[in-house]
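Visitor: Sequence:
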Amino acid sequence: MKKNKHGSIWVLLLVLLVIGGIAIYWGYNKYMQTLYIGFYDGNKIRYLDVPPFAERITPASLEVLGECDIRFSTIDEQVLQFFKATATKYGYFFSRADTKSDSSFEITVRGDYVIKGAFDKNILQLRWNPVLPPDMQKKARAMR
Numbered sequence: 002m003k004k005n006k007h008g009s010i011w012v013l014l015l016v017l018l019v020i021g022g023i024a025i026y027w028g029y030n031k032y033m034q035t036l037y038i039g040f041y042d043g044n045k046i047r048y049l050d051v052p053p054f055a056e057r058i059t060p061a062s063l064e065v066l067g068e069c070d071i072r073f074s075t076i077d078e079q080v081l082q083f084f085k086a087t088a089t090k091y092g093y094f095f096s097r098a099d100t101k102s103d104s105s106f107e108i109t110v111r112g113d114y115v116i117k118g119a120f121d122k123n124i125l126q127l128r129w130n131p132v133l134p135p136d137m138q139k140k141a142r143a144m145r
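When we follow the numbering used here, the leftmost residue of the sequence shown carries the number 2, and every step to the right adds one.
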């Protein structure tokens, strides 16, 4: 009697497909957390780039609460120039909130949606009030 070996090939292919799917999902989430900050605006998620000379301290899950802290390894002025260029790229309005001091800035995404950034030594603290859909509001309440 001959045994059919095609069954074991399909099982191996299925296992590789599952492992590949998990790897792609994990890699995409890691990529998004490392390179972008997400701003919830109703059913949309708007993005802003993380500077290449910085690393994110807070996890991406805190974006639901409107918080993101970034540690940078350069001077404040370079960070400000990066966010000004990035805001212009995405069509947002960048302004320094305090003209006497370079310690804070604002990025206006739309009329009443404002991201406030403040420096604390080599850490940039970004704060905003996210506009969340109902299902995300439940998640945000559970995190507080």
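Source of the hints: derived by calculation from the structure; they are not laboratory data.
Mixed in with the good hints, there may be bad ones.
[Stated by the list, open to error] No farther apart than 25 Å at their CA atoms in a straight line, the calculated lysine to any residue pairs in the SDA-like style are these: (1) Lys139 - Ala61; (2) Lys45 - Pro131; (3) Lys45 - Leu133; (4) Lys140 - Lys122; (5) Lys90 - Asp113; (6) Lys117 - Ile76; (7) Lys122 - Lys45.
[What the hints assert, rightly or not] Quick list of simulated restraints, FRET-style, between CB atoms: (8) Thr59 - Thr89: 21 to 27 Å; (9) Tyr26 - Gly92: 27 to 33 Å; (10) Gln138 - Leu18: 32 to 38 Å; (11) Gln79 - Leu15: 15 to 21 Å; (12) Asp50 - Ala143: 39 to 45 Å; (13) Ala24 - Phe94: 15 to 21 Å; (14) Met137 - Tyr26: 17 to 23 Å; (15) Tyr91 - Val16: 21 to 27 Å; (16) Ser104 - Gly22: 44 to 50 Å; (17) Thr35 - Lys117: 49 to 55 Å; (18) Leu15 - Gly92: 40 to 46 Å; (19) Glu56 - Ala143: 36 to 42 Å.
C-beta: ideal position from N, C-alpha, C; glycine also.
Visitor: Decide, hint by hint, whether the structure agrees.
Guide: Hint-by-hint comparison with the structure:
1. Lys139 - Ala61: Holds. Lys139 to Ala61 sits at ~17 Å (cutoff 25 Å).
2. Lys45 - Pro131: holds, 11 Å
3. Lys45 - Leu133: holds, 9 Å
4. Lys140 - Lys122: It is violated: about 31 Å lies between the C-alpha atoms, which goes past 25 Å.
5. Lys90 - Asp113: holds, 20 Å
6. Lys117 - Ile76: holds, 18 Å
7. Lys122 - Lys45: violated, 33 Å
8. Thr59 - Thr89: 21 to 27 Å: Holds - the Cβ-Cβ distance for Thr59 and Thr89, about 25 Å, lies within 21 to 27 Å.
9. Tyr26 - Gly92: 27 to 33 Å: Holds, at about 30 Å.
10. Gln138 - Leu18: 32 to 38 Å: Since the Cβ atoms of Gln138 and Leu18 sit about 36 Å apart, the hinted range of 32 to 38 Å holds.
11. Gln79 - Leu15: 15 to 21 Å: Since Gln79 and Leu15 have Cβ atoms about 49 Å apart, the given range 15 to 21 Å is violated.
12. Asp50 - Ala143: 39 to 45 Å: violated, 29 Å
13. Ala24 - Phe94: 15 to 21 Å: About 39 Å separates the Cβ atoms of Ala24 and Phe94, which means 15 to 21 Å is violated.
14. Met137 - Tyr26: 17 to 23 Å: holds, 20 Å
15. Tyr91 - Val16: 21 to 27 Å: violated, 41 Å
16. Ser104 - Gly22: 44 to 50 Å: holds, 45 Å
17. Thr35 - Lys117: 49 to 55 Å: Violated, at about 23 Å.
18. Leu15 - Gly92: 40 to 46 Å: Once the Cβ atoms are compared, 44 Å apart, the range 40 to 46 Å for Gly92 and Leu15 holds.
19. Glu56 - Ala143: 36 to 42 Å: Cβ of Glu56 to Cβ of Ala143: about 27 Å, so the range 36 to 42 Å is violated.
Violation of the numbered hints given earlier is confined to hints 4, 7, 11, 12, 13, 15, 17 and 19; the remaining hints are satisfied by the structure.
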